[in-house]
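For chain C, the structure is supplied; the task is to place chain U on it using the hints.
Now for the letters of each chain:
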Amino acid sequence: MRVDCLIVGAGPAGSVMAEQMASKGFTTMVVEKKQEIGIFKRCAEGVTKHGIEKLGIKINESSIAGRIRGAMLYSPSGKTVVMEGKEMEGFVLERKIFEKWLASKAIESGAEYMVKAQAMGMQKKNQAWEVKVRSLEGMKEIEAKLVIGADGVESKVGRWAGINTVNKLTDYHSCFQYEMAGVNIDKNYIHIFFGNDVAPCGYAWIFPKEFSANVGLGILEKKAKMKAFDYVRKFIEEHENIFRNAQPIEANAGGVPVAHFTEMTADGVMLVGDAAQLVNPIHGGGITRAIHSSLIASEVAENAMNEGDLSKERLKEYEMKWEEEYGEKTKKLMKLRNFLEKLEDKDFELLADILQGEDIFQLTQAKLSFFIKKVMTKPSLLGLVKKYLMD
Amino acid sequence: MVKVNEKCMLCAGCVGICPVDAITLYETGIYIDEKCIGCGACIRFCPVGALEE
Numbered sequence: 002m003r004v005d006c007l008i009v010g011a012g013p014a015g016s017v018m019a020e021q022m023a024s025k026g027f028t029t030m031v032v033e034k035k036q037e038i039g040i041f042k043r044c045a046e047g048v049t050k051h052g053i054e055k056l057g058i059k060i061n062e063s064s065i066a067g068r069i070r071g072a073m074l075y076s077p078s079g080k081t082v083v084m085e086g087k088e089m090e091g092f093v094l095e096r097k098i099f100e101k102w103l104a105s106k107a108i109e110s111g112a113e114y115m116v117k118a119q120a121m122g123m124q125k126k127n128q129a130w131e132v133k134v135r136s137l138e139g140m141k142e143i144e145a146k147l148v149i150g151a152d153g154v155e156s157k158v159g160r161w162a163g164i165n166t167v168n169k170l171t172d173y174h175s176c177f178q179y180e181m182a183g184v185n186i187d188k189n190y191i192h193i194f195f196g197n198d199v200a201p202c203g204y205a206w207i208f209p210k211e212f213s214a215n216v217g218l219g220i221l222e223k224k225a226k227m228k229a230f231d232y233v234r235k236f237i238e239e240h241e242n243i244f245r246n247a248q249p250i251e252a253n254a255g256g257v258p259v260a261h262f263t264e265m266t267a268d269g270v271m272l273v274g275d276a277a278q279l280v281n282p283i284h285g286g287g288i289t290r291a292i293h294s295s296l297i298a299s300e301v302a303e304n305a306m307n308e309g310d311l312s313k314e315r316l317k318e319y320e321m322k323w324e325e326e327y328g329e330k331t332k333k334l335m336k337l338r339n340f341l342e343k344l345e346d347k348d349f350e351l352l353a354d355i356l357q358g359e360d361i362f363q364l365t366q367a368k369l370s371f372f373i374k375k376v377m378t379k380p381s382l383l384g385l386v387k388k389y390l391m392d
Numbered sequence: 110m111v112k113v114n115e116k117c118m119l120c121a122g123c124v125g126i127c128p129v130d131a132i133t134l135y136e137t138g139i140y141i142d143e144k145c146i147g148c149g150a151c152i153r154f155c156p157v158g159a160l161e162e
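These protein sequence lines are chains C and U, in that order. Start counting the first sequence at 2; every next residue gets the next number (the working numbering). Start counting the second sequence at 110; every next residue gets the next number (the working numbering).
Keep in mind that the hints were calculated from the coordinates and are not lab data. Zero decoy hints are in this set.
Okay, derived cross-link-like pairs now, DSS-like style, lysine-lysine, Cα gap no bigger than 30 Å in a straight line:
(1) Lys117/C x Lys116/U
(2) Lys50/C x Lys106/C
(3) Lys169/C x Lys116/U
(4) Lys112/U x Lys117/C
(5) Lys112/U x Lys133/C
(6) Lys144/U x Lys313/C
(7) Lys146/C x Lys322/C
(8) Lys116/U x Lys101/C
(9) Lys116/U x Lys35/C
(10) Lys112/U x Lys226/C
(11) Lys223/C x Lys112/U
(12) Lys374/C x Lys387/C
(13) Lys133/C x Lys144/U
(14) Lys35/C x Lys112/U
(15) Lys144/U x Lys35/C
(16) Lys126/C x Lys144/U
In this text, all values refer to a predicted model and were calculated from it rather than measured experimentally.
Okay, chain C solo, but in the shape it has when bound (with noise of 0.2 Å):
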């Protein structure tokens, strides 16, 4: 079989890039080894209005199971801090709907699909990739001249392509989470939860859905004591009130990466989503950032197949407009997470009392220095601002 674009993995960034090629008129078939896509999630399900239709996605109304106006922020004493406004807006997603649905517009634009089809390993074969697949009918070998690594955190593509792919423990994400109904919390908001015993280096969090939230956390392990399952059993043990009902209907787990992105193509092969670890550093997510990798790499692969010239070289310009659109941003909010790690619950108490809503929002937009010139009045952070925000 030969198309002109493999995708491995219906993921998000799978789907939309298969949808682009296919609309772009390219033969496209994707491959997803689990039975059904959209399971199991990965995932606190959380993305914002302005970001996703930003991107010109409309998400239809059965994927979304919450809609939300805003996060509320908790110190480890319990001190809120509220964020609100247009751009906070957004919406729990519920996965398997959202990437079956996803599916369906690849599908419609004439992308083929194999469920249960397990990439095994692919190698070089006339200017093109032979990739070999364990399906259900039995192994296949697919020749696509570009093959698209769409394949989650544990991409095997790019190590196939010799793409440095490896995550390192000090920026990626140990998460535990469960999905519980019965959690009696306000459902306008997700709430976010810091503190060294919390969640260290991380944060705890419950995103409501209309009978359900998930409920769970982020560690790094260089600061961690326990697993990060332990710690979510210690945070729901600790919020009686919150969860006195409440009773797991799911659980899930993974990693998350949080660094910035390395290398994202090879010869015919371009890295996508998660497989790119193209996450927000700060909160984790990436939804948005898997789609809009794919919205841009599609277009530079559009133009490449055009021109018949798959190379690395020609493949680079996807890195470098990625590198326009987020490098400087993800540099910055990198910075902010390194002084973020470093700080005490004391140092999170503080930051309650001086930072509103507004404040935050703007820090996540990596808007680094009016909040320098705000912590720089606090003798204790001096230090850690001096050190890890300021060039």
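Frame of chain C; chain U shown alone:
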């Protein structure tokens, strides 16, 4: 060599951190092959403690 126990959530986080590509996720479970050098990165990462020496 690292072994996987019954707590495994199939999240594949360990696959993404293995420096020698010794771990693969199949629908039926995680498989650790002979490339494993026992560095322990996956053990330290695993959110539930499903990996052990």
